[in-house]
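If you read the protein sequences in the order shown, they are chains U and R. My numbering applies: residue 661 is where the first sequence begins, and numbers increase by one. My numbering applies: residue 216 is where the second sequence begins, and numbers increase by one.
Worth flagging that the hints you see were computed from the coordinates, not collected in a lab. Predicted, not measured: the structure shown is a model, and the values here were computed from it. Careful: at least some of the hints might be erroneous.
[As the list claims (entries may be wrong)] For the chain U half of the interface with chain R, some residues (derived, Cβ under 7 angstroms), not all of them:
no.	residue
1	T689
2	L690
3	I718
4	R747
5	R748
6	N759
7	F763
8	L764
9	L772
10	L776
11	V779
12	G782
13	R785
We put the CB at the ideal spot given by N, CA and C, even for glycine.
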Amino acid sequence: MSDALVELAGIAKGFGTGEARVQALADITLSVAAGEVVGLRGPSGSGKSTLLNLVACILEPDAGVLRLAGETVWQGGWRRRDLRAFRRTHIGFIFQFHNLLPFLDATDNVALALTLNGVGLGEARRRARELLDYLQVGRRAVAMPSKLSGGEAQRVAIARALANHPRIILADEPTAALDSERAQIAMDLLRRVAREQAAAVLVVTHDDKIFSRFDRLVSLRDGRIEGEMRPAEARA
Amino acid sequence: MNLALRDIRHNLGRFLLTCFGLGLLLGVALAMIGIYRGVVEEALSLARALRADIWVVEANTRGPFAEASRIAGDVREAVARVAGVVAAGSVTFQIVEARHAGGPGGDEAWDAERLRERAGEAGRQRIGAVLRLQVVGWEPDRPGGPPEIVAGRGIGRGRLEMVVDRSAGIPPGAMVEMANVRYRVVGLTQRTVSTGGDPLAWITLRDAQELQFRLTPPAARRALQGGGGGMPQDTVNAVVARLSPHARPDEIAGRIRQWKHFAVLTAAEQEAVLTRSVVERARRQLGMFTGILLLVSAVIVALIIYTLTMDKVREIATLKLIGAPDRSIVALVMQQALLLGAAGFAGGTALLLLVKDYFPRRVLLGPEEIAGFGLVVFVICLAASLLGVRYALRIEPAQALGG
Ligand SMILES: Nc1ncnc2c1ncn2[C@@H]1O[C@H](COP(=O)(O)OP(=O)(O)OP(=O)(O)O)[C@@H](O)[C@H]1O
Ligand SMILES: [Mg+2]
Numbered sequence: 661m662s663d664a665l666v667e668l669a670g671i672a673k674g675f676g677t678g679e680a681r682v683q684a685l686a687d688i689t690l691s692v693a694a695g696e697v698v699g700l701r702g703p704s705g706s707g708k709s710t711l712l713n714l715v716a717c718i719l720e721p722d723a724g725v726l727r728l729a730g731e732t733v734w735q736g737g738w739r740r741r742d743l744r745a746f747r748r749t750h751i752g753f754i755f756q757f758h759n760l761l762p763f764l765d766a767t768d769n770v771a772l773a774l775t776l777n778g779v780g781l782g783e784a785r786r787r788a789r790e791l792l793d794y795l796q797v798g799r800r801a802v803a804m805p806s807k808l809s810g811g812e813a814q815r816v817a818i819a820r821a822l823a824n825h826p827r828i829i830l831a832d833e834p835t836a837a838l839d840s841e842r843a844q845i846a847m848d849l850l851r852r853v854a855r856e857q858a859a860a861v862l863v864v865t866h867d868d869k870i871f872s873r874f875d876r877l878v879s880l881r882d883g884r885i886e887g888e889m890r891p892a893e894a895r896a
Numbered sequence: 216m217n218l219a220l221r222d223i224r225h226n227l228g229r230f231l232l233t234c235f236g237l238g239l240l241l242g243v244a245l246a247m248i249g250i251y252r253g254v255v256e257e258a259l260s261l262a263r264a265l266r267a268d269i270w271v272v273e274a275n276t277r278g279p280f281a282e283a284s285r286i287a288g289d290v291r292e293a294v295a296r297v298a299g300v301v302a303a304g305s306v307t308f309q310i311v312e313a314r315h316a317g318g319p320g321g322d323e324a325w326d327a328e329r330l331r332e333r334a335g336e337a338g339r340q341r342i343g344a345v346l347r348l349q350v351v352g353w354e355p356d357r358p359g360g361p362p363e364i365v366a367g368r369g370i371g372r373g374r375l376e377m378v379v380d381r382s383a384g385i386p387p388g389a390m391v392e393m394a395n396v397r398y399r400v401v402g403l404t405q406r407t408v409s410t411g412g413d414p415l416a417w418i419t420l421r422d423a424q425e426l427q428f429r430l431t432p433p434a435a436r437r438a439l440q441g442g443g444g445g446m447p448q449d450t451v452n453a454v455v456a457r458l459s460p461h462a463r464p465d466e467i468a469g470r471i472r473q474w475k476h477f478a479v480l481t482a483a484e485q486e487a488v489l490t491r492s493v494v495e496r497a498r499r500q501l502g503m504f505t506g507i508l509l510l511v512s513a514v515i516v517a518l519i520i521y522t523l524t525m526d527k528v529r530e531i532a533t534l535k536l537i538g539a540p541d542r543s544i545v546a547l548v549m550q551q552a553l554l555l556g557a558a559g560f561a562g563g564t565a566l567l568l569l570v571k572d573y574f575p576r577r578v579l580l581g582p583e584e585i586a587g588f589g590l591v592v593f594v595i596c597l598a599a600s601l602l603g604v605r606y607a608l609r610i611e612p613a614q615a616l617g618g
């Protein structure tokens, strides 16, 4: 599978020690190809966020192999020294909680991601406004995050994650705070990005209204992959 | 995009309040530096006011300020004859309780109200008030007299006249009473005080010797009179000499020392004696306290920066998540520390410059002191921010997750 952007093989992750030990993930093998939109579902505590954070190189696996964009990132230890630069250029992350910087307005929250990649401030702001318009929050462009509704904040966060055209897009319940119409719009946007930028998109969701928007749906239970279905095929 | 400034703007009220508090603290620290420098400066002002190149004092003493010194008045003539000495003069020093005796005209009844009016802005003067003066007796036309007269005139040969430091609050024309004798103030000097901060007052050597005599307790006075037939003996505390510009003070001092009867100090030695012995304790006391204040300021700046950083854990973790390099995060913490320091420094300095002249003793704050203090504050802030920087660099990106 040479065009797989995300490849996990035998990945395991536990938290804590002794009595308090939780095996959050065990023996996960999964890959997401360029242009593919994969959903992750499962009951609360099944390890969805943990899996996403491992792919985002925020958490370190205990075992297995993690390959991203064709590069072995973790195998018995981090293989890449500058994880932050890697994240900045390859990964767009949409958090379960929006995590906007409270002291920057909506536009600058998005523009910051661009300036960190060397885009000039003026150009970064222009592109940020475009993205916000596209996500239908353009009219809130100069609002501070504390003044945004949950859905608006989430869309600003999506704009930030997409700003640098990352090849790997990870989203933890991105539509939880959106009404169903906007949830569809957000998902369509992710699908479009996947297609146009040949990006791999991995989305954690509980929301069955958007299940149809995924190429594949992977179910987790107690840290293991329970099954996989293809809603698109099912529909066809 | 400057994150430090944006964050400050977002929490402006809190930042300003912190700056205000820090400004007060730094203002106090700067005041201590000014007081410290003022004490040292005042200690030297007495010796400098006399503009003497060498001091001839009693043998085996470091007088006349560090130790008592008495020498015969005619020593002056011997000193004046030494090659390289341009002029020499006898001087006496005594600290006297004086009384501001009000208006012009020694015997004339004075109307306090009218005098206050006349004194105008100097109405601060308290007629009848007792003040301590460091009285210098010198021979007019010889070294040892007052430096620049800033108001009125010099003494000339007039008897019972006085030139006094402006800080005494006595205007020219007013009378000062010492040991039941009234002296007329004819001129003012400024920034001439004793090591204890008392205003200097110059009177003629003859007046000073009589004053000395009157202030001597009766028993001792009778003993003095026994040999002298009613007139006070011609003793002085020191002979000061001015040298020709080409003369080397060390060399001339060495020559006079060979007479064996006197101790000799050059101007540099006199200043060293004054700072290292006369005000040494006060200097060390103030120096230590200034040091402690700076240390306290450093600790407080460090704590403030540390708390500011702790409050931003989530934001810093988010920055790391979206790939901000350490450089941006270090800049965020350090710039805030420096801005805080700069604002506190500016506030504290402005505050102190406003109030420094209301201190009873000199608070010496020149551009040098302020620049030096600014540098110290800068270094303190840099050092203090290291703690915050260390904390910020240890924040894990995963700390941005969760509620
Ligand atoms: N930092 C952590 N320390 C200890 N245990 C953790 C940590 N993060 C997750 N866990 C545990 O790992 C398991 C998986 O958690 P995870 O957050 O991945 O679940 P989830 O599927 O995202 O749940 P939810 O749908 O509620 O978000 C849970 O039992 C959780 O308690
Ligand atoms: Mg979760």
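Hints the structure fails to honour:
Checked against the structure, the hints that fail are numbers 1, 2, 11, 12 and 13, while the rest are satisfied.
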